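Now for the letters of each chain:
Protein chains: 2
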Amino acid sequence: MTQRAYNFSAGPATLPLEVLEEAREALLSLGDLGAGILEVSHRGPEYTEIHESARARLLQLLGAGSDWELLFLQGGASLQFTMVPQNLGADADYVLTGNWSQKAIAEARLLGGDVHVAASSEDTGFDRIPTELDLRPGASFVHVTSNNTVRGTQWPELPRTDAPLVVDMSSDILSRPVDLDRVGLIYAGAQKNLGPAGVTLVLIRKELLARTPDGLPTLLRYTTHAEKGSRFNTPPVFAIYVVGLVARWIESQGGVAALAARNEAKAQRLYAAIDASPLYEGTARPESRSRMNVTFRITRDGLEEEFLRGAAARGLLGLKGHRSVGGLRASIYNAMPPEGVDALVRYLDEFAAAHA
Amino acid sequence: MTQRAYNFSAGPATLPLEVLEEAREALLSLGDLGAGILEVSHRGPEYTEIHESARARLLQLLGAGSDWELLFLQGGASLQFTMVPQNLGADADYVLTGNWSQKAIAEARLLGGDVHVAASSEDTGFDRIPTELDLRPGASFVHVTSNNTVRGTQWPELPRTDAPLVVDMSSDILSRPVDLDRVGLIYAGAQKNLGPAGVTLVLIRKELLARTPDGLPTLLRYTTHAEKGSRFNTPPVFAIYVVGLVARWIESQGGVAALAARNEAKAQRLYAAIDASPLYEGTARPESRSRMNVTFRITRDGLEEEFLRGAAARGLLGLKGHRSVGGLRASIYNAMPPEGVDALVRYLDEFAAAHA
Chain A
2 MTQRAYNFSA GPATLPLEVL EEAREALLSL GDLGAGILEV SHRGPEYTEI
52 HESARARLLQ LLGAGSDWEL LFLQGGASLQ FTMVPQNLGA DADYVLTGNW
102 SQKAIAEARL LGGDVHVAAS SEDTGFDRIP TELDLRPGAS FVHVTSNNTV
152 RGTQWPELPR TDAPLVVDMS SDILSRPVDL DRVGLIYAGA QKNLGPAGVT
202 LVLIRKELLA RTPDGLPTLL RYTTHAEKGS RFNTPPVFAI YVVGLVARWI
252 ESQGGVAALA ARNEAKAQRL YAAIDASPLY EGTARPESRS RMNVTFRITR
302 DGLEEEFLRG AAARGLLGLK GHRSVGGLRA SIYNAMPPEG VDALVRYLDE
352 FAAAHA
Chain B
2 MTQRAYNFSA GPATLPLEVL EEAREALLSL GDLGAGILEV SHRGPEYTEI
52 HESARARLLQ LLGAGSDWEL LFLQGGASLQ FTMVPQNLGA DADYVLTGNW
102 SQKAIAEARL LGGDVHVAAS SEDTGFDRIP TELDLRPGAS FVHVTSNNTV
152 RGTQWPELPR TDAPLVVDMS SDILSRPVDL DRVGLIYAGA QKNLGPAGVT
202 LVLIRKELLA RTPDGLPTLL RYTTHAEKGS RFNTPPVFAI YVVGLVARWI
252 ESQGGVAALA ARNEAKAQRL YAAIDASPLY EGTARPESRS RMNVTFRITR
302 DGLEEEFLRG AAARGLLGLK GHRSVGGLRA SIYNAMPPEG VDALVRYLDE
352 FAAAHA
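Order-wise, the sequence lines are chains A and B. Counting in this note's numbering, the first sequence tops out at residue 357, every number present. Counting in this note's numbering, the second sequence tops out at residue 357, every number present.
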């Protein structure tokens, strides 16, 4: 068996080994059924149990009670950029903190919405989370991207808003507790903290379902999926199955609060290593630094390729920054074990010493 | 290791054992990478090779040259019910042959299209494929469902039309050669003949891409996905990976023509067993019978549950008819080996003899 590397890819991202091992067994046969997880009817008893238990576990981990609906959708966060304003109304306030909020704003504008940018950090290259928000009374909703994978910034906590707060939590869902009292809708592509690419989680306050307008195509209506328990049509069975295994793994780790403490410690250790050497420079302002995506640069020109080659040779993968900004990035989602961060810190120290 | 059953589920459906075994190995590590297929970047070299080779193999198996674009989308055939008229124009002619065409028609009407039903078999309970089509000159397109999983009917061959022919081929794609000269667009959810649920294949004539209107949400535009090689946003990596393995498996079986011959023989053997006993009755008219979904009833009341129990005891799964029509159904897609059909035929004969 091949040795597992430490994979710092921003997404799709590393998954817990226990989860992968269990999924592996289920491919040829679910228990003693004689048919695997890819092959069973999405309306049969085996998948029904998987689907419903994934949903129940996620609701519990998110701390969401009976006034919430949890949906498994397809199309990624990118489809939510249009589904959110299509369903909730497009006259919305958006906070602009990077590439993903930019795309979300563009989709709301495409619908003809009266879109207002309530705050932006574009003037400083998206290196921070804005603190002052210019919110409009009566906006359809307020939209924030809770963690920005490209620039490595993260909201220290979610803002309080009068209009329903919509949060793109694709890259930090279940990495720390969230105060749901502040939230109207959360959406998240699964491929960072939740599981494989191919399923999108939407957590929506039931009262917001009343906003879905008549005439919207059936698949784009939140109500369609809510009424049918996310099985209006064939759901992405395998992706939901793995998300359910990840939810169970989170429980086994002590839940979201325990993971949040571990994530905080991982991030602090990594930022400390970066701050300790003049060879490295973090790209986000300290007060806005992400606990999920640690972005940094090498301050001396021409060393990044060597850094990446040396990392790969040590089994440290996926450290290249996003193609739109360059630099380096270590994504340390829930499933990255502390040992992986320790190995990266050792390498950062060695590399700095070698180039002192 | 658990014995594999013969799984006649209509979809998600049985997959080739070789495919499942290879996918199994890739979950923990792609080759010696140290990271599995669920965990690698969708823009990295490992996945790029998987993505592009799946695309190339499918184009070749479909017999589609450089005037065609092949897309990997999400949302199932159900999202195509709205994307097709959104992109191609909604003043279209539809042939109504069952539940799925009904849904497709409803979505086109929801968009305000001048939708015309060019033929229907509703008057006889969808037990046949209509032969006379009342097509309008100047229709945006003509839509047919090539195989009807619920009622067990299938077009013997695709009709010739002046307007571009759009074919929902979710349940018979790559089960037989198709004359692409007659076709403008094919779409298919993967979970019957292609792979797992979670990816939808769209094959579109490049000239039709010019029809996509301005202002459509980005993710719903065929042009978005065509321009970005189906990687505008994170694709459903694992589903596409398995579809690529299935495509390679089809090649190893001798290609689509060889599978078509095998499928024809499987279907004939099964229909012959049904026709041989007065205990069984096929529900589709002989000239419209599907080679993929063999639908039948037991003519004596109250025996279906016993039939299903006995089948399960012999490792023959998924034989219950669609919940909307009841009865029995054996889905015998590409991946159902002839031995599975033989086992079912033996059981049909034994059950008939026991109840003679």
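Treat the hints with care, as some may be off.
[Claimed, not checked] Keeping only pairs whose Cα atoms sit at most 20 Å apart, straight-line, the calculated DMTMM-like set for lysine to aspartate or glutamate is:
#1 A:Lys104 x B:Asp68
#2 B:Lys104 x B:Asp115
#3 B:Lys104 x A:Asp215
#4 B:Lys104 x B:Asp92
#5 B:Lys229 x B:Glu208
#6 B:Lys207 x B:Glu53
#7 A:Lys104 x B:Glu228
#8 B:Lys229 x B:Asp68
#9 B:Lys207 x B:Asp180
#10 B:Lys104 x A:Glu228
#11 B:Lys229 x B:Asp115
#12 A:Lys104 x A:Asp68
[What the hints assert, rightly or not] Partial list, derived from the structure: chain A residues whose beta carbon lies under 10 Å from chain B:
#13 Glu22
#14 Arg25
#15 Asp33
#16 Leu34
#17 Leu39
#18 Val41
#19 Leu60
#20 Gly196
#21 Ala198
#22 Thr224
#23 Ala227
#24 Val238
#25 Val243
To be clear, the hints were calculated from the coordinates, so they are not data collected in a lab. No experiment lies behind these values; they were computed from the predicted model shown. We put the beta carbon where it would ideally sit given N, CA and C, even for glycine.
Okay, the hints, checked on the actual structure:
1. In summary, the hint linking lysine 104 of chain A to aspartate 68 of chain B is not supported, as the alpha carbons are separated by about 31 Å, beyond the 20 Å threshold.
2. Of the pairs offered as hints, the one joining lysine 104 of chain B and aspartate 115 of chain B holds, with about 16 Å between alpha carbons and a cut-off of 20 Å not exceeded.
3. Annotation: proposed proximity of lysine 104 of chain B to aspartate 215 of chain A holds, straight-line Cα distance about 17 Å (limit 20 Å).
4. Taken as a hint, the lysine 104 of chain B and aspartate 92 of chain B pair is honoured in the structure, with Cα atoms around 16 Å apart against an allowance of 20 Å.
5. For the suggested pair lysine 229 of chain B and glutamate 208 of chain B, the alpha carbons sit about 17 Å apart, so the restraint of at most 20 Å is met.
6. A distance of roughly 18 Å separates the Cα atoms of lysine 207 of chain B and glutamate 53 of chain B; the hinted pair therefore holds under the 20 Å criterion.
7. For the given pair, lysine 104 of chain A sits about 17 Å from glutamate 228 of chain B by alpha-carbon distance, which is consistent with the 20 Å threshold.
8. For the suggested pair lysine 229 of chain B and aspartate 68 of chain B, the alpha carbons sit about 17 Å apart, so the restraint of at most 20 Å is met.
9. Straight-line distance between C-alpha atoms of lysine 207 of chain B and aspartate 180 of chain B comes to about 17 Å, which keeps the hinted pair within the 20 Å bound.
10. Restraint check: the Cα-Cα separation between lysine 104 of chain B and glutamate 228 of chain A comes to about 17 Å, which is no more than 20 Å; the hinted pair holds.
11. With a C-alpha separation of about 32 Å, the suggested pairing of lysine 229 of chain B with aspartate 115 of chain B is violated against the 20 Å cut-off.
12. This hinted pair does not check out: lysine 104 of chain A and aspartate 68 of chain A have alpha carbons roughly 30 Å apart, beyond 20 Å.
13. Interface restraint check for glutamate 22 of chain A: the shortest CB-CB distance to chain B comes to about 7 Å, inside 10 Å, so the restraint holds.
14. Using the Cβ-Cβ criterion of 10 Å, the hint placing arginine 25 of chain A at the interface with chain B is satisfied: the shortest such distance is roughly 5 Å.
15. A least Cβ separation of about 5 Å between aspartate 33 of chain A and chain B falls short of the 10 Å threshold, and the interface hint therefore holds.
16. The closest approach between the C-beta of leucine 34 of chain A and any C-beta of chain B is roughly 7 Å, which is under the 10 Å cut-off, so the hint is satisfied.
17. Checking leucine 39 of chain A against chain B: minimum C-beta separation of about 4 Å stays under 10 Å; hint holds.
18. At a threshold of 10 Å, the smallest CB-CB gap from valine 41 of chain A to chain B is about 6 Å, leaving the interface hint in force.
19. Interface restraint check: leucine 60 of chain A against chain B, minimum CB-CB distance 22 Å, threshold 10 Å, status violated.
20. Annotation: interface hint on glycine 196 of chain A holds; nearest CB of chain B at approximately 8 Å, less than 10 Å.
21. With 10 Å as the threshold, the beta carbon of alanine 198 of chain A comes within range of chain B, its nearest partner Cβ sitting at about 5 Å, so the hint holds.
22. Nearest Cβ of chain B to the Cβ of threonine 224 of chain A: about 14 Å, over the 10 Å cut. The hint is violated.
23. For alanine 227 of chain A, the interface hint is violated, since its Cβ never comes within 10 Å of a Cβ in chain B; the closest pair sits about 16 Å apart.
24. At a threshold of 10 Å, the smallest CB-CB gap from valine 238 of chain A to chain B is about 5 Å, leaving the interface hint in force.
25. Evaluation of the valine 243 of chain A hint against chain B yields a held restraint, the C-beta minimum of about 7 Å falling below 10 Å.
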